[in-house]
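Produce the complete structure using the sequences and hints provided.
Chains as they are written, first to last, in the UniProt record's numbering: chain H, 1 to 431; chain R, 1 to 257.
Note that these hints are calculated values from the structure, not bench results. Computed from a predicted structure; not experimentally measured. Keep in mind that a hint or two might mislead.
Stated by the list, open to error - Chain H is nowhere near these chain R residues, computed Cβ spacing over 12 Å in every case: (1) Arg51; (2) Leu102; (3) Asp130; (4) Ala237.
What the hints assert, rightly or not - Distance windows between CB atoms, simulated: (5) R:Lys203 x H:Glu312: 48 to 54 Å; (6) H:Asp163 x R:Val232: 51 to 57 Å; (7) R:Ser27 x H:Asp163: 51 to 57 Å; (8) R:Lys202 x H:Glu312: 40 to 46 Å.
Idealized CB from N, CA, C, for every residue including glycine.
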Amino acid sequence: MATKIIRILPRSIGRRSPTIVRHLSTGSAVFQEKEAQPFSSDGHDIVYGPYHLQMQDSLKKIIDKDINPYVDEWEAQRKFPAHRVFKVLGDSGFLGITKPKAYGGLELDYSYSAAMAEALGHINCGGIPMAVGVQTDMATPALAKFGSDYLKREFLAPSISGDLVACIGVSETGAGSDVANIQTKASRKGDDLIINGGKMWITNGTQADWMCCLVNTSEGKPHVNKSLVCLPMNLPGITVAKNIKKIGMWCSDTAQIFFEDVYVPRSHIIGEEGQGFLYQMLQFQEERLFATATCLAPLEKMIAETINYTRERKVFNQPLLNSQIVHFTLAELAAEVELLRSTLYRTIALYVKGQDVTRLASICKLKAGRLVREVSDKCLQFWGGMGYTEDVIVSRLYRDLRLVSIGGGADEVMLSIICKFMNTLPNQRRQ
Amino acid sequence: MSGIRVLVGCKRVIDYAVKIRVKPDKSGVVTDGVKHSMNPFDEIAVEEAVRLKEKKIVSEIVAVSCGPTQCQEVLRTAMAMGADRAIHVEVDPATYDHLQPLHVAKILSKVAQEEKVDLVLTGKQAIDDDANQTGQMIAALLDWPQATFASKVEKTNGELKVLREIDGGLETIKVRLPAVLTTDLRLNQPRYATLPNIMKAKKKPLVKKTPADYGVDVTPRQKVLKVEDPPVRQAGAKLASVEELVAKLRDAGLIPT
Numbered sequence: 001m002a003t004k005i006i007r008i009l010p011r012s013i014g015r016r017s018p019t020i021v022r023h024l025s026t027g028s029a030v031f032q033e034k035e036a037q038p039f040s041s042d043g044h045d046i047v048y049g050p051y052h053l054q055m056q057d058s059l060k061k062i063i064d065k066d067i068n069p070y071v072d073e074w075e076a077q078r079k080f081p082a083h084r085v086f087k088v089l090g091d092s093g094f095l096g097i098t099k100p101k102a103y104g105g106l107e108l109d110y111s112y113s114a115a116m117a118e119a120l121g122h123i124n125c126g127g128i129p130m131a132v133g134v135q136t137d138m139a140t141p142a143l144a145k146f147g148s149d150y151l152k153r154e155f156l157a158p159s160i161s162g163d164l165v166a167c168i169g170v171s172e173t174g175a176g177s178d179v180a181n182i183q184t185k186a187s188r189k190g191d192d193l194i195i196n197g198g199k200m201w202i203t204n205g206t207q208a209d210w211m212c213c214l215v216n217t218s219e220g221k222p223h224v225n226k227s228l229v230c231l232p233m234n235l236p237g238i239t240v241a242k243n244i245k246k247i248g249m250w251c252s253d254t255a256q257i258f259f260e261d262v263y264v265p266r267s268h269i270i271g272e273e274g275q276g277f278l279y280q281m282l283q284f285q286e287e288r289l290f291a292t293a294t295c296l297a298p299l300e301k302m303i304a305e306t307i308n309y310t311r312e313r314k315v316f317n318q319p320l321l322n323s324q325i326v327h328f329t330l331a332e333l334a335a336e337v338e339l340l341r342s343t344l345y346r347t348i349a350l351y352v353k354g355q356d357v358t359r360l361a362s363i364c365k366l367k368a369g370r371l372v373r374e375v376s377d378k379c380l381q382f383w384g385g386m387g388y389t390e391d392v393i394v395s396r397l398y399r400d401l402r403l404v405s406i407g408g409g410a411d412e413v414m415l416s417i418i419c420k421f422m423n424t425l426p427n428q429r430r431q
Numbered sequence: 001m002s003g004i005r006v007l008v009g010c011k012r013v014i015d016y017a018v019k020i021r022v023k024p025d026k027s028g029v030v031t032d033g034v035k036h037s038m039n040p041f042d043e044i045a046v047e048e049a050v051r052l053k054e055k056k057i058v059s060e061i062v063a064v065s066c067g068p069t070q071c072q073e074v075l076r077t078a079m080a081m082g083a084d085r086a087i088h089v090e091v092d093p094a095t096y097d098h099l100q101p102l103h104v105a106k107i108l109s110k111v112a113q114e115e116k117v118d119l120v121l122t123g124k125q126a127i128d129d130d131a132n133q134t135g136q137m138i139a140a141l142l143d144w145p146q147a148t149f150a151s152k153v154e155k156t157n158g159e160l161k162v163l164r165e166i167d168g169g170l171e172t173i174k175v176r177l178p179a180v181l182t183t184d185l186r187l188n189q190p191r192y193a194t195l196p197n198i199m200k201a202k203k204k205p206l207v208k209k210t211p212a213d214y215g216v217d218v219t220p221r222q223k224v225l226k227v228e229d230p231p232v233r234q235a236g237a238k239l240a241s242v243e244e245l246v247a248k249l250r251d252a253g254l255i256p257t
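Listed below in structure tokens is the structure:
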């Protein structure tokens with residue numbers, strides 16, 4: 001499975017590279033020599049120029065004013081108002097960073113998407129950054145690259161403006177990381193597809209206006225029989241069965257969805273019929289980088305909050321922070337975060353240059369998943385009883401970020417991909 | 001009718017959310033590696049200028065900032081919010097440490113004359129030194145009327161009607177153009193710089209100047225002797241009864257014995 005991905009990637013990235021080079025030369029080159037210094041003392045400027053930082057500033061203001069004050073309430077309600085939040089982000093241009101200008105996007109290179117993902121990490125929960133990521137980096141990249149003008153006007157443009165909420169329908173009860181194995185089927189009747197089956201773990205699923213849905217459009221080899229379809233969620237035959245209860249990501253709704261004779265025009269197939277699996281694999285690359293980037297701020301936040309807490313918390317007449325195990329552990333974790341950041345920035349720099357980063361993106365995602373578990377667990381331990389309450393951000397992030405190792409390709413899938421590159425993966429025959 | 005031309009002063013200050021630390025040698029506050037942004041009152045001034053432009057009252061907005069290279073950061077923000085172009089009057093960091101409101105006022109009034117603007121808009125004060133002087137000094141240097149602490153601005157034939165917050169109430173004044181106006185907190189809610197506008201602002205012109213270009217001498221006339229942290233507030237105590245309170249007050253000599 002992974003070899004396929006590798007072969008496809010360079011071609012499509014190569015196609016994008018001219019724009020990327022142009023943006024880089026207008027973006028950072030002009031300012032980098034003199035201006036890099038004042039923005040940051042810790043190396044953010046390697047892939048980010050002044051405009052990335054200005055954009056992050058603007059996004060953080062929106063987060064401080066329109067998102068963070070409501071997060072607790074939305075967590076309690078187990079749902080955030082996606083239409084309201086996406087409209088605010090869409091109005092300010094944050095939902096179409098890499099998308100074509102003709103549909104309301106900005107056609108900037110991926111480094112701007114990464115900068116946005118990183119800034120989204122300032123939201124005080126994992127659920128909303130994930131929901132935004134679904135809209136910008138999971139449900140729409142294939143549509144933007146391969147979709148017809150009709151589909152882009154109907155689905156892409158309103159998703160960029162924040163008027164429509166999108167979800168991505170890939171996982172099923174029997175197929176998650178194992179994408180090739182999905183069972184949902186579309187048969188053909190005249191100019192229509194008739195879809196039957198169901199999807200599972202659908203983020204934004206109870207609120208979405210449309211789904212970028214992966215279905216089998218023919219029999220045959222699993223990599224060439226699938227198509228991505230733009231599926232309006234108000235069609236007859238679509239049932240949003242339940243809002244799944246999860247240990248974390250509370251304010252993000254997760255649905256199980258059933259399809260029973262859902263009629264959708266064949267013109268809703270994105271790009272070529274049968275290419276859905278390949279398109280989906282492309283979407284996965286940016287998803288991995290996005291996931292890693294959104295982890296950085298929460299990692300730093302957990303460490304910073306733990307420093308504050310353990311400095312105040314007295315144990316045996318001493319601030320807890322004075323225990324060597326506490327301050328040494330936090331230093332070690334901070335060092336790990338910097339390593340993750342460095343790897344991510346290197347991956348982004350190479351990706352923007354047009355290189356295939358399948359291996360590095362998988363390494364980023366793997367290590368991000370591992371590190372959020374380590375940092376949240378160790379920090380929570382230092383918070384003691386307080387860490388076990390719902391009231392503190394560390395416990396929320398402990399619950400929310402556990403998903404990083406599972407969603408968007410589990411750690412084990414990342415390991416398999418890395419093994420492919422190392423030539424150590426035993427030959428597997430699909431049964 | 002050709003609209004009025006506005007000059008907006010945009011100071012780069014330490015971000016409002018940053019916890020200020022005094023340098024160990026007490027010569028000032030720590031600025032290295034500290035997040036900076038546009039003075040919030042100046043942001044309100046930019047917003048007001050942009051709103052006046054949207055109402056077709058203003059035809060052109062020029063943003064100006066005096067200070068080190070990084071001031072271009074706030075000028076870019078001003079242009080992303082809607083200013084048409086920017087002037088950066090570069091002052092090296094060492095000189096900038098001692099740059100005073102009068103210097104900035106002299107530079108801005110020269111810029112105002114050179115750019116032939118009809119209105120100078122600035123924040124009522126900057127959140128770093130809280131001087132609240134620059135706008136007034138510009139008015140004095142140019143011999144223009146001033147409307148400070150504006151919380152509402154309206155244009156009536158050739159004049160601006162300005163609502164000001166004063167002690168004990170609101171005052172409405174009229175100023176004839178050209179004039180200097182400083183903005184108060186409640187004048188407006190500044191917009192976010194949207195991503196498309198941030199990108200468009202890249203193409204807007206930013207001109208670099210020096211104080212010498214305007215013939216302004218920036219030699220300091222005052223000297224900062226010492227910068228200190230405000231005294232730490234003493235912890236209070238809970239008292240059980242009124243008698244105890246009276247006794248305490250008496251001990252402190254705050255009520256007659």
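Taking the hints in turn, this is what the structure says about them:
At roughly 17 Å from the closest C-beta of chain H, the C-beta of R:Arg51 stays outside 12 Å, upholding its exclusion from the interface. R:Leu102, annotated as away from the interface, keeps every beta carbon of chain H farther than 12 Å; the closest lies near 26 Å. Remark: the non-interface label on R:Asp130 is consistent with the geometry, its nearest Cβ contact in chain H lying 23 Å away (cut-off 12 Å). No Cβ of chain H approaches the Cβ of R:Ala237 within 12 Å, the least distance being about 20 Å, so the stated non-interface status holds.
A beta carbon spacing of about 49 Å between R:Lys203 and H:Glu312 agrees with the range 48 to 54 Å that was offered as a hint. Checked against the hint of 51 to 57 Å, the C-beta distance between H:Asp163 and R:Val232 comes to roughly 52 Å, which is consistent with it. Look at R:Ser27 against H:Asp163: about 54 Å separates their beta carbons, and that is inside 51 to 57 Å. Between R:Lys202 and H:Glu312, the C-beta spacing of about 45 Å keeps the proposed range 40 to 46 Å intact.
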